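Guided by the hints, dock chains G and Z onto chain P, whose structure is given.
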Amino acid sequence: MTLLVTHQLSKDFGGVQAVRNVDLVVEPDAITAVIGPNGAGKTSLFNLLCGVLPPSSGSITFLDHDVTGWSVSRIAALGMARTFQNLELFHGLTVRENVQVGAHRHLRTGVLSAALRLPRHGRAEREASRRADEACVRLGLVEVVDQLATALPYGMQRRVELARAVAADPTLLLLDEPMAGLSGREAETVAAMIRGLVADGLAILLVEHHMDTVMRISDRVVVMNFGEVLADGAPAAVQADPAVIEAYLGSDDSDAA
Amino acid sequence: MNDLAQLLATGVTLGAIYAMVGVGFVLINNVTGIINFAQGEYLMVGALTATTLLAAGIPLAVAVAGATLAAAALGGLVERGTIHVARSASIETLILITIGTSITLSGLALLVWGVTPRRYGPFTAGPPIDVFGASISRQSLWVLAFAAVVAVGLWWFFERTVVGKAMRACAMNPEAARLQAISPARMSLLAFVLSTGIAGAAGAVLVPITGASYAMGLPLALKGFTAAVIGGLVSPLGAIAGGLLLGIVESLASGYIASGLKDGIAFAVLFAVLVLRPQGLLGRRLASRV
Amino acid sequence: MSRLRPLAAVIAFLAVGPLLLLLAGTIPFLLASNLVVFALFALAATGLVLIMGFSGQVSLGHAAFYGIGAYTSAILTVEAGWSPLLAVVVGVVISGLVAAALGRAVFRLSGHFLAMATLAFGLFFFYLLGFLDITGGNGGRGGIPKLAFGSFEVLTDERMFLLVWVLLGVGVLIARNVVQSATGRALRATGSSEVAAACSGVNIVRVKVGVFVVGALYASLAGSLYAHWVTYIAPDAFGLLTSIQFLVIATVGGLGTVWGAIVGAAFVVGISELTREVVPLFVEGATGSYETVAYGAALILVLVAFHKGIADAVLDAVGRRSRSARLAPAAAAGAEVGTTIDSAPPAETGVQKQVR
Chain P
1 MTLLVTHQLS
11 KDFGGVQAVR
21 NVDLVVEPDA
31 ITAVIGPNGA
41 GKTSLFNLLC
51 GVLPPSSGSI
61 TFLDHDVTGW
71 SVSRIAALGM
81 ARTFQNLELF
91 HGLTVRENVQ
101 VGAHRHLRTG
111 VLSAALRLPR
121 HGRAEREASR
131 RADEACVRLG
141 LVEVVDQLAT
151 ALPYGMQRRV
161 ELARAVAADP
171 TLLLLDEPMA
181 GLSGREAETV
191 AAMIRGLVAD
201 GLAILLVEHH
211 MDTVMRISDR
221 VVVMNFGEVL
231 ADGAPAAVQA
241 DPAVIEAYLG
251 SDDSDAA
Chain G
1 MNDLAQLLAT
11 GVTLGAIYAM
21 VGVGFVLINN
31 VTGIINFAQG
41 EYLMVGALTA
51 TTLLAAGIPL
61 AVAVAGATLA
71 AAALGGLVER
81 GTIHVARSAS
91 IETLILITIG
101 TSITLSGLAL
111 LVWGVTPRRY
121 GPFTAGPPID
131 VFGASISRQS
141 LWVLAFAAVV
151 AVGLWWFFER
161 TVVGKAMRAC
171 AMNPEAARLQ
181 AISPARMSLL
191 AFVLSTGIAG
201 AAGAVLVPIT
211 GASYAMGLPL
221 ALKGFTAAVI
231 GGLVSPLGAI
241 AGGLLLGIVE
251 SLASGYIASG
261 LKDGIAFAVL
271 FAVLVLRPQG
281 LLGRRLASRV
Chain Z
1 MSRLRPLAAV
11 IAFLAVGPLL
21 LLLAGTIPFL
31 LASNLVVFAL
41 FALAATGLVL
51 IMGFSGQVSL
61 GHAAFYGIGA
71 YTSAILTVEA
81 GWSPLLAVVV
91 GVVISGLVAA
101 ALGRAVFRLS
111 GHFLAMATLA
121 FGLFFFYLLG
131 FLDITGGNGG
141 RGGIPKLAFG
151 SFEVLTDERM
161 FLLVWVLLGV
171 GVLIARNVVQ
181 SATGRALRAT
191 GSSEVAAACS
201 GVNIVRVKVG
211 VFVVGALYAS
221 LAGSLYAHWV
231 TYIAPDAFGL
241 LTSIQFLVIA
251 TVGGLGTVWG
261 AIVGAAFVVG
271 ISELTREVVP
281 LFVEGATGSY
291 ETVAYGAALI
301 LVLVAFHKGI
311 ADAVLDAVGR
321 RSRSARLAPA
331 AAAGAEVGTT
341 IDSAPPAETG
351 VQKQVR
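Protein chains in written order, with the working numbering: chain P, 1 to 257; chain G, 1 to 290; chain Z, 1 to 356.
Excised from the complex, chain P in its bound form (with noise of 0.2 Å):
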């Protein structure tokens, strides 16, 4: 079964072609990394995979559903999640409290049952926290898990939002440059957890530009340019390729930070 499917996957901006005919797919137990110059359209299409954007033509079809043009907290509910490349962590909640957000398509609880504090309640909340403490131990987070999530370290801030994503134990999990602005250590660690998360049908689609740890860890690779896949395969195949090559100039490491 492929987890996930374009079709002509296309967005455009009034004039300027973020996205263009982009034919993808999706594989389970396995690390799909998308890379390509900035401006390659590679946040564009993940905001078109989560429903953040609406397509201008093409379809998307995840867990066999037809998804184009769902909202964006459906998709989710099947079963997709992200992380963002500009972190977008919950102010005012502790990390947590943050990762139990991450959960929530698995809880059934409402203003009600929360108000009156009904059994469904406390199911839940049970729910959450068994979901989220999973999520924090792999992450490594159970020292800070009572602190303020905006008030950690950068590094460990983009440990909470993997941790987020994880808690909802999705079945297509969307990371958008997760090791930005982290250092050579750090950067190890996260690749070595995400590395770890792929199994029992989890898919993780990956852009990066730490090129060699990308390339390290992941099965398959996505060469994008001006919107378009350029090449698409085995590491090794495509750091071969031709196109691939001169669209970049060399492979090098640019750090975000």
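Hints were generated in silico from the structure; no laboratory data involved.
Any given hint might turn out to be false.
[Stated by the list, open to error] Beta-carbon label-pair distances, calculated as ranges:
#1 Z:A8 <-> P:G39: 54 to 62 Å
#2 Z:L7 <-> P:V25: 55 to 63 Å
#3 G:V112 <-> P:D12: 37 to 45 Å
#4 P:N86 <-> Z:G270: 40 to 48 Å
#5 G:G211 <-> Z:N138: 19 to 27 Å
#6 P:G39 <-> G:K262: 46 to 54 Å
[As the list claims (entries may be wrong)] Which chain G residues stay away from chain Z? Per the calculated CB distances, all over 12 Å, these:
#7 G33
#8 A56
#9 T82
#10 T93
#11 L94
#12 G100
#13 G107
#14 L141
#15 A145
#16 V149
#17 S183
#18 P184
#19 P208
#20 V229
#21 L252
The structure presented is a predicted model; accordingly, all values stated were derived computationally and were not measured.
For glycine and all other residues, C-beta sits at the position ideal for the given N, C-alpha and C.
Frame of chain P; chains G and Z shown alone:
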């Protein structure tokens, strides 16, 4: 037919005033991203100051100038004292601060000038003028003339002066502007002073028609904002067009539907525009977030 | 063990009520009627705190729902002879429906556009009150019956205060329960980053509209109680000034905590009474706007200095823990700590520690 012409004439005059207030909203919003809720209060301050100056025997032209300066000075003071100080706060906080300013100014005005509305006579004496069957008062002509002068003045300012172009640059791209040694802080101050000055002058011109009272600020602010939003909040010209449109709609509605709900209609229009077409009729910027 | 704390808080809260009444009996400037106004405003504004503080939607038309509650009570009891309790319930329902419609209409707006839209809504409602016959126009409506629970009639200010105080306690408890739950987290998440919340599966529309409705219910209840207390209502009590009072109460009191409105209401009603004593010495004939200088100044000062409100600042100083009604400065996030690029080495990798 006479009725229609009359309503249109009234509408255009009203619209000119709304336009003057709306222009202020656009100026400040373009440069700082803030909606200055207190915009109408500067019109009120200008109006009341003019009444005081005139009552003290000061010649008309000087009184109007004085009112303008008073409003502009107050605007500058407020900008430095509140907006600039809290500039790192979120948009919501800044809005609440301008609301606080609005409340404070009208409250202070009440304390200084009292409850009773004040008035003085038109700038030039004489009977109303007949235009296509509509009777337009001389003061209304002054209002229109004033609006025209402001429109031309602003055009000249933004197109032909260095400072004006700097302000436009700052509005478009504050970072790049800073690199060109244009200070966003100074531009913010300038935008405030300019907007509040225009509002103050408009107030002084308006007194013979509407009178001056401490409570006149908010309804005008709301209508001026409506004008600005209809015009898309992008350009002073848009605000002027929006103002004229709003004035005419309001006048026609109050004439043909119900005069009691005149103000209510303006608010309904504002609500409808914000909800249905926040980018206005001319603008491309949207109110919604992703 | 953790069940004891809320219970203790409830008991303490309930005990404060009669204490305040005792105080009113002894202090010359504090009347039982002041306390009633204080409690009513606190109740109405608690709803606004939920709307503004937790989901980050600025609402400048909150008094409209206060008015819907009041006028529904007035009209149903006087025109149709319904019992006050039933009228209160109907008022709440109608407010909920109107709030749902309003919320649905404005959920895409944010910041100043939203503020303006709600302001326009509130003002339109105010003008409607003065225009329609059934609301009695500018003259208002009188002859509204007092509340009664069977044979127990709420006739005195003291009884009214105790009733409202209890309801206020319930209201704050419910608000706290909602805030400290998955729903509350979803609410605060929405106020902080809609995109991230939606990508976590939170239905943004439902949350934003929902909180609008809940907030309106608080105001409506307070409005109905108000009507059955004063027995005569007019549009003036439901206009812009009242919306501003609610705004100041919520903001100055503290948007980040469910107790904020109580603190803010004490402040606003205090100011109101204070100026009532002092200002008549200087200005004649003013209808109450002289307080606005104090409100405005307070609003500005608090926001410039604290960014979050007094109650929040106090709670921060006292060092509250994350468990209590946590701060969600969605509406006043000026002082939020920024990210530091320089990341410390991770404290642990692959921790095996047991999490409770």
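Verification of the supplied hints:
1. For A8 (chain Z) and G39 (chain P), the hinted distance range of 54 to 62 Å is satisfied, since their beta carbons lie about 59 Å from each other.
2. Our hint of 55 to 63 Å for L7 (chain Z) and V25 (chain P) holds, since their Cβ atoms are close to 57 Å apart.
3. Here the CB-CB span from V112 (chain G) to D12 (chain P) is close to 57 Å, at odds with the stated 37 to 45 Å.
4. Our hint of 40 to 48 Å for N86 (chain P) and G270 (chain Z) holds, since their Cβ atoms are close to 44 Å apart.
5. G211 (chain G) and N138 (chain Z) have their C-beta atoms about 20 Å apart, which keeps the hinted 19 to 27 Å range intact.
6. For G39 (chain P) paired with K262 (chain G), a C-beta distance near 52 Å keeps the hint of 46 to 54 Å intact.
7. Against the 12 Å criterion, G33 (chain G) falls within the reach of chain Z, whose nearest CB is about 9 Å from its own CB.
8. Listed as a non-interface residue, A56 (chain G) keeps its Cβ farther than 12 Å from every Cβ of chain Z; the least gap is roughly 22 Å.
9. Separation of T82 (chain G) from chain Z is inadequate, the least Cβ-Cβ distance of about 6 Å not exceeding the 12 Å criterion.
10. Here T93 (chain G) does not stay apart from chain Z, with its beta-carbon only about 5 Å from theirs, under the 12 Å limit.
11. Not every beta carbon of chain Z lies more than 12 Å from that of L94 (chain G), the smallest distance being close to 9 Å; the non-interface claim is violated.
12. At the 12 Å boundary, the C-beta of G100 (chain G) falls inside the reach of chain Z, the nearest C-beta of that chain being 3 Å off.
13. In this structure G107 (chain G) is not separated from chain Z by more than 12 Å, as the shortest Cβ-Cβ distance comes to only about 3 Å.
14. With 12 Å as the threshold on Cβ separation, the claim that L141 (chain G) sits away from chain Z holds: the shortest Cβ distance comes to roughly 31 Å.
15. Here A145 (chain G) stays apart from chain Z, with its beta-carbon at least about 30 Å from theirs, past the 12 Å limit.
16. For V149 (chain G), the shortest C-beta to C-beta distance to chain Z comes to about 29 Å, beyond the 12 Å cut-off, and the non-interface label holds.
17. At roughly 21 Å from the closest C-beta of chain Z, the C-beta of S183 (chain G) stays outside 12 Å, upholding its exclusion from the interface.
18. With a least CB separation of 18 Å from chain Z, P184 (chain G) remains clear of the 12 Å interface cut-off, as annotated.
19. With a least beta-carbon separation of about 25 Å from chain Z, P208 (chain G) lies farther than 12 Å from that chain, consistent with its non-interface assignment.
20. Annotated as non-interface, V229 (chain G) brings its C-beta within 12 Å of a C-beta of chain Z; the closest such distance is 8 Å.
21. The Cβ of L252 (chain G) lies farther than 12 Å from every Cβ of chain Z, with a closest approach of about 18 Å, so its non-interface assignment holds.
Of the numbered hints stated above, those contradicted by the structure are hints 3, 7, 9, 10, 11, 12, 13 and 20, listed in ascending order.
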